[in-house]
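So you can see what is in the structure, the chains are spelled out below.
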Amino acid sequence: MEGALPPLPFQANSPRSIYGKMKQGTGYGVEFCGASLEARPSGALWWAARDMLVVSDLHLGKSERMARLGGAVLPPYETLETLERLEADLEATGARVVVCLGDSFDDAAAARGLPEDVVTRLMRMQAGRDWVWIEGNHDPGPVSLGGAHLAEMEVGPLVLRHIAEDGAQGEVSGHYHPKVRIAGASRRCFLVDDRRLILPAYGTYTGGLRSRDPALAGLMGPRALAILTGPVARAMPMPR
Amino acid sequence: MFPPVLPSTFTDWFASRGWQVHPHQAEMLGRATEPSLLLIAPTGGGKTLAGFLPTLVELSEGGHEGLHTLYVSPLKALASDIRRNLSTPIDEMGLPIRVEDRTGDTPSSRKRRQRADPPHILLTTPESLALMTSYEDAARTFKGLKRIVVDEIHALADSKRGDQLWLAMARLQRLCPDLRRVGLSATVEDPAAIAHLLAKHPDPCPILQADPGPDPDIRMLETEEQPPWSGGGGSYAIPAILDQVKRHRTTLIFHNTRAQAEIFFHNLWLANEDGLPIGIHHGSLDRTQRERVEQAMVQGRLRAVVCTGSLDLGIDWGDVDLVIQVGAPKNVKRLVQRIGRANHRYNAPSKALLVPANRFEVVECVAALEAVQDHDLDGDPRGPGPRDVLCQHILATACAGPFDEAEVFAEVKTVGAYASLSRAQFDECLEYCATGGYALRAYDRWQRLMQDDQGRWHLRDPRAAQLIRMNLGTIVDTDKVKVRMRFGGGRPLGEIEESFAAQLERGDTFLIGGRIVKYEGLKETAVEVTRSAATKPKIATFAGTKFATSTQLSQRILRMFQQESWPELPRHTAEWLGLQREISALPQPGRLLVESFPFDGREQLCLYGFAGRNAMQTLGLILTKRMEEMGLDPLGFVASDYALLIWGLEAVTDPVPLLSPAALHDGLERWLAGNAVMKRTFRNAAHVAQLLQRNAPQARKTGRQATFSSDILYDTLLKYDPDHLLMEITREEAMRGLVDFGRIEEMLGRVEGRIDVMRLDRVTPLAAPLFLEVGKVPVDGMGRERLVAEEAERLMAEAGLT
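Sequences listed follow chains A and B, in order.
For what it's worth, this note's numbering labels the leading residue of the first sequence as 1, then goes sequentially.
For what it's worth, this note's numbering labels the leading residue of the second sequence as 241, then goes sequentially.
Hints should not be assumed to be uniformly reliable.
Here are the simulated lysine to any residue pairs, SDA-like style, with alpha carbons at most 25 Å apart [stated by the list, open to error]:
#	chain 1	residue 1	chain 2	residue 2
1	B	K653	B	K722
2	B	K722	B	R527
3	B	K1016	B	R983
4	B	K386	B	A432
5	B	K722	A	P214
6	B	K722	A	R210
7	B	K758	B	A511
8	B	K959	A	R121
9	B	K722	A	G207
10	B	K959	A	E81
Since the hints were derived computationally from the structure, they do not count as laboratory data.
Please read all numbers here as calculations on a predicted model, not as lab measurements.
Extracted from the complex, chain A is given alone in its bound form (with noise of 0.2 Å):
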C-alpha cells in the first residue's frame, strides 16, 4: 500500500473521569520508516525498540523570558509544570534515552536563569539517562546543564531534527507546534505521512500552529495523519 502507513493502535482503555481532569491513556503506535513509534497523548514520542523518549519545544523559561523583555508577567509555574507532565512521561515509559528536539529553553538567558529547583529537578531526570539537547531556533548555544548537545542526531533509520528540512527521509522534528480542530475541540497534534514526523510542542505555554497553515500543509504528503494529544491519543487524516 502506498504510503505504508498501517497504524497500529494499541488498546485504548477508557478513562473514566470528571471533566476538566482527564487521566492519560495510551498512546497511538506508527510504524514510521521501519521504526516502531508510539505517539503518546502527552505529546512525546516514544520508541521503545530505543528505550527512547523524545519531546519537543519545551519552552522551559517562557515567562521568564515575557517577564524579562518587559511584557507581561505571566504566572511562572509552567517550567514546573511541563517538567512534571515530562516525570510522568519517563516514569510511564522507563525510557533510558531522552531526546529534546529543540526550543528546549525559550532562549539562552532563559536556560542560563533556571531557578535552582528547577536545574535540580532536571539533573534528578537526568540522572542515569542519556540525555540529547538538539539545537533549535530560540535556544541555539549550548547551555550549561548536563546532556549531550547536538545540531541534529541520526539513530537508525531516523534523523531527529529541530525544523524540518527539505527532501529529508524519516525525519523526526519539532518547530511547528502542529494542532487541529476536531468536533469543536482544539488539540495540539503530531503529523505524519511516510517520510517525516513532526512533533506537538510539550511546553505547557505553548500556542499552536493549524495543520491547514501552508507552512505545514506543504511539508506533509497528501496522507499525512494527524494524531491527537488529549486523553487518547488518535489519528485522523491530516485537515489541510
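For chain A, the structure is supplied; the task is to place chain B on it using the hints.
Structure of chain B alone, referenced to chain A:
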C-alpha cells in the same frame, strides 16, 4: 457669576431659530458652579445642549487659555456627532471657541498636536481619556480644565468602561482641583446610584430632574404573517416592516445581535422591491462603511437603518420618526431609552413598534409593554468597582510618571465606585502591578514596577509604557479578525470572531455588511473573501451584545402563564401556549418544569427555572458536571433567562437526583474551579489587568503563533497559585454577575422539591427557541471525547485508512 439668564448673543440666537430654552437647560446654567451635578432628562430633551450651555457661555467671553471642557461619551460616533452639532451655534454666534474630537479613530499626528495644544472643548471616549491621562505631559494637556461632561452616563454606570472613566476623573481632579463634573443621563430607576459614581466621593451630587415628557406611543407590530415557532430574525415581519418604513420619514430598526441584523438586512434588501434607500450599521462593520451610513443618515438620504446597540445612544440622526425593535427587548429600561430615539422633539411622544421574533417573544413583548405603561423600570445595584480595572489604572498611572502609593490610594478612594476599597486590597493590586503578585516570584526581572530611594514607583522598563498604553481599555470582546476583499485593493469590510473564522472552510459563504461573501483563506491576520452569488449564506455568528432579561420581566411572564386564557396576546401565541400546556405543561411559580426529549441527534434536557440567565448558566455548569460524573456524557448547554437546555449523548430520564439541593451544594467550590464560565471571566480580567496584552507594537508573527490560550494560564494558576489576585478577582466577578448562585438557591427554595418531569418524543413548543440562543457552552468531557473519537474514525474511514 453665571447668570441664570443667557447673554444676549445667546438669546438672540435662540430667538432667531425660534427656540426656547427649556427649564432644565436654564437650571443647569444657573447651577453651573456646583462641583458636581447630574441631569436626568428623557432623550430628545435637549440634554446635551443643557450640558454645554454653561461652557459656551463661559467661553463666549473669550480669554480662556487651553482646555476648558472635556466631553466624554460612550460612543465614538457620538463625539463626532456632537462636534457637528456644536459647530452650528458656535459659528452662527461667532464664538471664540475651538472644538475637536479625539477617539481611537483620530489620526495619531492630530492626537499628538491635541496633547500639546488642546482645543477649548475636547470630545472624547473613556478609553481615549484614560490614554491621555497616561502621558507624562498630562498635567500640561489638562491645564486650565474647568468642566467634564459625561454624556449618556447611565450607559457607562454598569460597565467597566465607567469604572475606568471614574478613575481617570479622579486623576484629572488631582491635576485640576477646580474641575466641575456634570453627568447627563436618560431616565433610570436609581438616579442616586449614578450620582454616587459621578461625584468626587464623599461630596454630595445634586440631581436635576427634567420633565419626563409624554408617555411613548408604543405597541406591538401587527402582521398578517404569524411569528415562527422559533427563530430570532423576525424576517416573517419584513412585509409589514417595509410598509411602516414607507409610511414614515426615517425608521431605525433595532436588533439585539449583529448576526440577526445582518440576516435581517439581507432579507429586507431582497424584499425591497421599491428600492428604498436602506442602510446597515453595527459595531463589526468597517469604520468607513459605518461613517458612510452615518453621513447618509444625517443628510436624510436614508429611509431606514438596520442597526444594533451601536446606534443605541443619543446620536442625533436627523429626522427619525419611528423606532422598530425586532426581537424581545429583554430589559424595560433599555427599551424606553431606545424608544427615545424616535422624535427628537421635546414634548412629543416617541413612536415605537415591537416586533417579537418568535412566539415566546410575543409574551415577553406584551409583558414589556405592560411594564412601560406601569413605569416599572428594572435594574440591579452594582457592587464595588472591580479590581482588574484598578490594576490597569495603576499601570497607566505608572506610565505617566513616578507615583507615590499613598497619594494614588487617596485618589482612588475619591471614586465612588471604589469608596469601600481597603488599603490591603489596594496593596494587592499594586503588588500585582509591580511583580505579577506570584507566590514564587523572586527576581528583579519579574518587576514591572520598581521603587526608587524616595519610595516612588516607576516602570522598570520605560519602553513598557508603549505596550501598556496600547492595551488600555476594558472592552474585551471575543477576538476579532478583519475581513477584506481579496481583489480590488483588499477593501476592508469589517470584523468577525476568530472562533467563527476558524470554522470556515474554503468556499464557505457568510454575511457581512449585508452582502454574501465567500471565504478564500487567511492572509496574515485577515480573512480574505470574494464576492459570492450564493443566496443562502452560512451565518456569521457575531456575538454582538446579549442582554439579560430582567427579573421583573421574567416574573411578569411567569404570572402571565398562569392565566386560563390570554386575550391580550395575539391568537397564534395564545394557541401556542395552549399547545405547550397540552403537549407538556406551562411553568408554574413554586414548581420546576423539566422536559427531556431527543432532538437534533442529541438527548436534550430542558429546565424552566426562570432564575435569570446567569443563575441558569451556573445551574448548567453544576448539572453538566454531575452528569459527567454519572456517565451521562453531556456535550454542552445553553442558558436563557427562563430555561436551561443541556444536550448530550445519553437521555436523562430522572433529573430529580441531579437537582437535590444537597447534591448541588456539594462541591460548589470544585465545579467553580474548572469550568468554562470561570475561564471566560478570568480571560476578561486577565486582559483588563494586562496579564495578557493583546496588542503589540508590530504583529510579531513567525511561522508559529505566539499566542496561547488564557485557559492554560487559568489552569496553571489554579494549580500552583489559587489565591493569586487575578483568581480572586475572577471569583468576585463570577459571584456577583456570572455565577449568581444565590438565585439558584432562591429558586430551589421556591420549588422545594416540586419537580414536574416530562419525557417527550420531540422538541416542545416552549423549548424550541433555546436552540437558537447564542453563547453555547461546550462541555469538554467524555462525551466530547466520544465525538472526537467518532469523527476521527469517520475521517479515517473516508480516507480509506482503516
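Subject >> In rising order, the numbers of the hints this structure does not comply with >> reply: Number 1 - this is the single hint that the structure violates.
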